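Chains as they are written, first to last, in our numbering: chain A, 1 to 235; chain B, 1001 to 1183.
These aren't lab readings, by the way, just hints derived from the structure by calculation. Among the clues, some could well be false.
What the hints assert, rightly or not - Restricting the straight-line Cα-Cα distance to at most 20 Å, the calculated cross-link-like pairs of lysine to any residue (SDA-like) are:
| no. | chain 1 | residue 1 | chain 2 | residue 2 |
| --- | --- | --- | --- | --- |
| 1 | B | K1133 | A | A179 |
| 2 | B | K1131 | B | S1028 |
| 3 | B | K1133 | A | R182 |
| 4 | B | K1133 | A | G177 |
| 5 | B | K1131 | A | E178 |
| 6 | B | K1004 | B | Q1039 |
| 7 | B | K1131 | A | D189 |
| 8 | B | K1133 | A | T176 |
Since the model is a prediction, treat every value here as computed from it, not as a measurement.
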Amino acid sequence: MTVLELRDVHRTHGSGETVVHALRGITLVVHPHELVAVMGPSGSGKSTLLNLAGGLDSPTRGEVVVDGTVLGECNRKALAALRRRRIGYVFQDLNLLPSLTAAENVALPLDLDGVRHSRTQALDALHEVDLDGYGDRFPDEMSGGQQQRVAIARALIGERRLVLADEPTGALDSQTGEAVLRLLRSKVDAGAAGVLVTHDARHAAWADRVIFLRDGIVIDTSGPLDQPEELLHAP
Amino acid sequence: MSVKHGLLALLERGPMYGYQLRAAFEASTGGTWPLNIGQVYTTLSRLERDDLVRPLPENDTGQRPYEITEQGHAELAKWFSSPVSRADRPRDELAIKLALAMTTPGVDVRAVVQTQRTAAVRTLQEYTRLKTKADDLPWLLVLDNMIFQAEAEVRWLDHCEASLARYEAPEPVVTDTEIEVPR
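Here chain A stands alone, though its shape is the one from the complex (with noise of 0.2 Å):
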């Protein structure tokens, strides 16, 4: 069971002269219980992967398949729905609506879908992620980190399996960072599946592969040893 596959997966921009590959056959699987991060220089194509793998955009030429679901094969409704339902993002700003309460920014994708006792399962969601007793504070009357975890709540409320995270610790002092890092781990453990576009390394370390994208093209990847363990013993 997969939870996202990018087939060979091309984006372009413009044509002729000025056409811009910003990525070039990228084929890409998550599983459930796992965390990929993408890392590449600027213009490497990482934020057109995670709008391709949201169904934010599409592919010139490729398949994005999101829990056994083709996008490219839905209507416009469909592709709503299922992003709703489905899809959880985490950016580095912008997360929140401001002129709503932590507790309904969390329900709001269930709101939308007219789910009953949506507050319930919202407070429920930030009770997960460490903040009870903050359903009814506006953004900002939050810190940094606090609005953070509340996104990832509304990243993965409902039936919702895929959060995708664009640089989610961007604005994060480095403690805080880590703090929405393990949470984003433990919910990743709990059976979500992530990917996390980062340009920092040390963030990229939680996941359990990291891929290289460079000029729209996966150069390395990068999966974990079996004994870490045997790391410090290394001469």
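Assemble chain B onto chain A, guided by the hints.
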């Protein structure tokens, strides 16, 4: 850092004999710096020679504990109050390797950079995995030190890659001493 100062710091907690010192040393570095018992006793005899520790009477099991002296306290205080000099650290093989790669014909420098970066990120992943299992603050801080060093390496490699992308290699200089190959 020297083993000498490590042992002095441990003896500051109270008298210990060789095997206790070895176990405490390894525990405080999370096993990253294994010591053999011979190193411990050699170091203890040097510390004793320099009046930084003194032996106590043997215990019932025949082990001889050592305690720190006044001079030892002073030496330890001096060590803690002095910065670690970068000049004491060995030259970085990676920096030299990359400089040589740039001037050696036929070497794909970007591939050298990427190979090293993948290895450094892999190392970072493993340290991070160990970190999720750790709950002892001194050991966590040792791990963080290794994490930050590996991260610094990746950042430097990113910088190298960006610099290489803008770099135009100079034309090779032909010197008088170049050897002509006879036809």
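Comparing the hints with the structure gives:
no. : hint              : in the structure
1   : B:K1133 - A:A179  : holds, 15 Å
2   : B:K1131 - B:S1028 : holds, 15 Å
3   : B:K1133 - A:R182  : holds, 12 Å
4   : B:K1133 - A:G177  : holds, 18 Å
5   : B:K1131 - A:E178  : holds, 11 Å
6   : B:K1004 - B:Q1039 : holds, 10 Å
7   : B:K1131 - A:D189  : holds, 15 Å
8   : B:K1133 - A:T176  : holds, 19 Å
Consistency note: the structure conflicts with none of the earlier hints.
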